[in-house]
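Engineer: What follows is each chain in one-letter form.
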Amino acid sequence: MPVGAVLVIGGGIAGIQSALDLAESGFKVYLLEKLPAIGGRMSQLDKTFPTNDCSMCILSPKLNEVGRHENIEIINNAELVGVEGEAGDFKVKIKKKPLYVDPVKCTGCGACSEACPVSAIDEYNEGLSYRSAIFLRYPQAVPKVYSIDKSKCIGCGICQNVCVAKAIDYNQKEEEITINVGTIILTPGGKLADAVKREEYGYGVFPNVITSIQFERLLSATGPFEGHVARPSDGKEPKKIGIIQCVCSRDAKTNEYCSSVCCTYATKHAIIAKEHIPDAEIHIFIMDLRTFGKGFEEYAKRAEEEYGVKYHRGRVSVVMQKKNGNLLLKYEKDGRSHEEEFDLVVLSVGFEPPEDMKRYAENLGINLNEYGFVETDSFNPISTSKPGIYVAGVASEPKDIPESVAQASSAAAKASSIIASERGKLITKKEYPPERDVTGEPPRIGVFVCHCGINIASVVDVERVAEFAKTLDDVVFADHLLFTCSADSQERIKQAIRDYNLNRIVVAACTPRTHEQLFRNTLREAGLNPYLFEFVNIREHCSWVHTDKERATKKAMELVAAGVAKARDLEPLQYIEVDVTKKALVIGGGLAGMTAALELANQGVETFLVEKEEKLGGNLQHIYYTIDGKDPQELLRELVEKVESNPLIKVYKNARVESIEGFVGNYTSRIVTEKSVEEVQHGVVIVATGAKEYKPKEYLYGEHPRVVTQVEFEHMLINKDVPNDVIMIQCVGSRNEERPYCSRICCQTAIKNALKLKELNPDANVMILYRDIRTYGFLEKYYKEAAEKGVVFVRYDPDNPPKVRVEDGRLVVEFYDEILEDTIIAEPEYVVLSAATVPNDENEEISKLLKVPLDANGFFLEAHPKLRPVDFATEGVFLAGIAHSPRLIPETISLAYAAVSRALTVLTKDKIIMEATKAEVVRERCDACGMCVKACPVNAIEITEYETRAGVERKAAVNKAVCLGCGVCSATCPKAAIVVKGFTFNQIKDMVDALEEVDAILAR
Amino acid sequence: MPDSAPKTISVDYNKCISCGICIYVCPHDVLELKDGVPVMVGKCKVCGLCSASCITKAISMTAKKFTDEGLLDVDVKDVVVFTCRRNVEKGKDYDATVISLLCSARLDPYLIAEVFERGARAVVVSTCGSDCRNYPGSAEAKYKAEAVRMMLEKLGEDGERVKVVEGNFEDAINELKAKNFDAVKNADDLKNALLNRDLRAIIARMRGIVEDGNVYGEKIDYEQYLKVLEDAADKAIKFSIISKNLNGGAKVSEIVSRTGLTYREVLDAILEMKRKGLVELEIDEEVVVSAKG
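For the record, the sequence lines run as chains F and E.
Counting in the working numbering, the first sequence runs from 310 upward without gaps.
Counting in the working numbering, the second sequence runs from 226 upward without gaps.
Don't take every hint at face value.
[Unchecked claim] Which chain F residues face chain E? A few, computed with CB under 7 Å, are given here:
hint, residue
1, Ser438
2, Ile463
3, Gly466
4, Gly536
5, Ala539
[To be verified] No farther apart than 25 Å at their CA atoms in a straight line, the calculated lysine-lysine pairs in the BS3-like style are these:
hint, chain 1, residue 1, chain 2, residue 2
6, E, Lys444, F, Lys459
7, E, Lys501, F, Lys459
8, F, Lys858, E, Lys290
9, F, Lys461, E, Lys444
10, E, Lys476, F, Lys548
[Claimed, not checked] A few chain E residues facing chain F, derived, Cβ under 8 Å:
hint, residue
11, Ile434
12, Tyr441
13, Glu510
It should be emphasised that the hints constitute simulated quantities derived from the structure, not laboratory data.
Beta carbons are placed, not taken as given, at the ideal position from N, Cα and C, and that holds for glycine.
With the hints as extra help, turn the sequences into a complete structure.
Structural biologist: Okay, here's the thing in structure tokens:
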């Protein structure tokens, strides 16, 4: 019998996502973290690209969710000792190091840390500040428990005496525990390379040469100078910052591979630094600009055009320090050497495998690759060499947060696959205390105003806002908190509810979109109905959009007054529960769709797979080999066979989805094929509609037979049509005005095909005309290999692209060579165009059908680019494959599994809990005019007949499961006979009135 | 104030942070923490070690004569002797200021700094060695004097100004007088540093941890502990130098030019001062430091 529990090793964002997916789909999760707090690298970041979201603000709700999840057990400050057994039944030995603090008793008050006489380097701030020997890694840490750094502690005993909670326990001993799990997910992340290895840059010698992660800490509100950038040598604000890329990446001396994230994070650093120091000048020294992810190219363009960030193509050879602490950078550009002075130099350091990777590999019995990362296979990107053990995030290859999160969900799907029979066996249901009946109680309102680090407090005077709140009627308690979303803040809110007998809570902080559930849960935990909560957004509505501090503070007060006014009228509401149809609809039968359908079926979910073509396979049908020598056609055959023979999968070919009605857990769709129209019921939808190769209008494509695309060229090579002389042109139809995005896959495709040509015809001449070679991650080695095998790479400037013409029937390519500083004319046999990947034409139709958005480029737009890469904002609808954005086979597979994992969090529940904020008809006032029925965008209202004493009456009625609570009906009804719970006329009117009363209150 | 409030010592409950150092050091185990404050649970022998070790100076001796003020109510000559009263010959006229403690355990290192500030050029500490009636009180005094010697050297002064002897201290007075020391420069920095809570804690626990073992039941090697002590001393000295030069608010560059400390030292120190709630930092082209509260 397999075990219905999973061990996740590493509590960074990947581990967190795996843990949450698994715990939400019926498995017990042990989350092993070597540090006292989870959060990993992401907890150290200030902002995240490409949206500049505050990293802690999007991470903190996840930390809290893990911290309070009844099915996740965090084993912190611990390490893996040994693993026995096999897939389905592992016995894992774990060494728990003593915290010397009892996590149950510790309240996180910090008195110990304040009294501790010893200080030590603060690792969280990357050595830029100090901490005590007893410390909390960061203010929002989960679990919120202090711990003693025994290597620094002198054992003076002060902390024990000052701890009011009596939580300090010097007698704690190292302890070994054994847990029993079915599968294991490895998410230990990566470490950052030691910049000292590139000694020519002077890191560790020149104080004003810092690493990218140190810069991140300098920019952060919880950093050494609270987000002010002060350079280490003299505390002055740097006005000219140089950022050096590829430090210990793409480097023969240290790591050959590309670290994938640094180009985009350096772009982020430049943008954020400009926001902190508007008159700063920022230069980024790059080899190639590798902003290949979704939205990254546009981000770099913004950096250049809006923020004036300068990118220099040229490797810095040496950094020297001047007497005043400034730094001289020598670099080569356009064949000449240059020298430039900077106030601060930031080294964009790359990823390396984590310190303990070898030990993990030994303990788990898995293979590592040539670079020391976990070995995976491009068709099984989540599986390690040992069955039952999976890997996600940086541990298998450098990657950014969305890719790590997608892989984490993927790993959750894979890890639950072989233990699916044990779903629900080891979990417990979260119990809330009984809800206090507040009917008849006068409102007793508590207001919590958030600093959000400096996100709010740097503009809005939060202390004054809190003081102001105290003056409002019915407010019996008001406070301001550094991060209202942190775990200890939840405890403070609950404490205040108890101490002051509060029955309405107002939080003035950020957005309900990300944080409302968190606070509602806090209310439930304190025995209050979750709808007795009102959220006021003073970040997006005040501090992020205003610069005038005084007026922003006033506006915050007005919004708080309005929030309090609404809070007075809040009434308890009950969540709505609906059943779940445990079936799935997958739209698109390519690699992503088939992978998703198969995994769903593996997990026992009946799946409808709709393919518009007559054959399954999509783009995979046109890929004949991969860069690492795998056979995609074999993968295709295998998948098609498995899908078509699986009894749980019903395949519709030459088919399309005509309509989709319903809501999460309960969809009804009409699938139309040539022969039939079928109506199916399902609980979720996975959109895997793929994308296609652009048919170029450029470079005589379609006009000259020997101008072909990469897909066509690959087809030629496989048919032994092997030319002698080829010029490839990159970025055809990508990274231009019309299509500003990078198509991501074309650089590797060009190199793949160039290498294939060289293999078939070693004497062939191949030249690749490129803008930036984007062989990210381990693909870098193929770039190197191609160059070694004589493939010639010549960069062109987008302002002066190559020209292709025909002279006497011969193809002529003219281009400018930056290194030779000359225009070259060549006559290749073939011109191969690396054409863009473009969205499918049907996307628009599907987007309307499902009411899910497309991005500016026509690809589907996920719910959040960082932490919800495969979710749509619409619940129950998920996204997989290249319908999301252009990507390679392993990445496509990873998104497919990820979508399955997310879908399983819905499909494995018997009931779905829905918002209670729905429309409700006030029957006495309704005269069944039907205006609301017409206005409702989701057809949730109909006119029905009721038996009353007066006879049969016709009235409007709302299907609450369908209703989105948008309020259109309410705004349309001429008789005010339909209201949305939680947003009633009176509540809104009170809010508006309150706005006007603020001046009078302030004058009191 | 609790019922069992000690009579021989006075505790300022506003200053006491419940650190419990007094309980650890008391040679007769007569103190206990109750509701976060020290209470007397046995017979106090009035050695004064708790007062000398109290990190916030919340404990003073009830007898006026043995309070800091009482002890320092003397004319300071070139040499000042802090001694156990048993080592003082009655009626003898010493060529030094002799401050008679009930026991050398009462030696608060801050007192040494204070007499230097008031013009003393050298200090003799006389203990009863292993014969101390409040043992290890005498040993504690020796550790404290050593800490002051170390700090003097950090301030560029000769550590030999402070000499620890057992019993008779006449030779020591003559020896130190013969060395003709100048007045201690920046004695105020030494004094303020010796009021630093963290430094006082590390000094106060040194003997106990090195000789008897810490809360984990482990002894820390003397040299290793000394490093921790030196770090804390360094920091405390810089804190006092910087605090003195803030004048309401100063840029880092101003502090550097006023103090002669390097930028690195100032930046390091102010980050720690900020963490300890002593200063506030702002940035306007460069870091500006102002005293808090």
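Engineer: Close enough to count: is the Cβ of alanine 539(F) nearer than 7 Å to one in chain E?
Structural biologist: OK, holds: alanine 539(F) within 7 Å of chain E, min 5 Å.
Engineer: Would the hint on glycine 536(F) be counted as holding, given a Cβ-Cβ threshold of 7 Å to chain E?
Structural biologist: It is violated, given that the least Cβ distance between glycine 536(F) and chain E is near 9 Å, above 7 Å.
Engineer: Sort out whether lysine 548(F) lies within 25 Å of lysine 476(E), counting only the CA atoms.
Structural biologist: Holds, because 18 Å separates the two Cα atoms, which is no more than 25 Å.
Engineer: Starting from lysine 858(F), check that the Cα of lysine 290(E) is at most 25 Å away, please.
Structural biologist: 57 Å, violated
Engineer: Let's test the interface hint: is any C-beta of chain E closer than 7 Å to that of glycine 466(F)?
Structural biologist: The hint holds - glycine 466(F) has a Cβ within 7 Å of chain E, the shortest such distance being about 4 Å.
Engineer: Given glutamate 510(E) was flagged as interface, is its beta-carbon under 8 Å from a beta-carbon of chain F?
Structural biologist: 5 Å, holds
Engineer: Return the status of the interface hint for tyrosine 441(E): holds when the least beta-carbon distance to chain F is below 8 Å, violated otherwise.
Structural biologist: Where the cut-off is 8 Å and the nearest Cβ of chain F is about 5 Å from tyrosine 441(E), the hint holds.
Engineer: Are lysine 461(F) and lysine 444(E) close enough, with their CA atoms no more than 25 Å apart?
Structural biologist: Distance ~14 Å between lysine 461(F) and lysine 444(E) Cα, so the pair holds.
Engineer: Does the interface hint hold: is serine 438(F) within less than 7 Å of chain E, judged Cβ to Cβ?
Structural biologist: At 5 Å from the nearest chain E Cβ, serine 438(F) passes the 7 Å test, so the hint holds.
Engineer: Is it true that the CA of lysine 501(E) sits at most 25 Å from the CA of lysine 459(F)?
Structural biologist: 21 Å, holds
Engineer: Isoleucine 434(E) was flagged as interface toward chain F. Is the shortest Cβ-Cβ separation under 8 Å?
Structural biologist: Given a least distance of 6 Å, the restraint on isoleucine 434(E) holds.
Engineer: What's the verdict on lysine 444(E) and lysine 459(F), does the C-alpha distance respect the 25 Å limit or exceed it?
Structural biologist: 13 Å, holds
Figure legend: structure checked against the earlier numbered hints; hints not met, in rising order: 4, 8.
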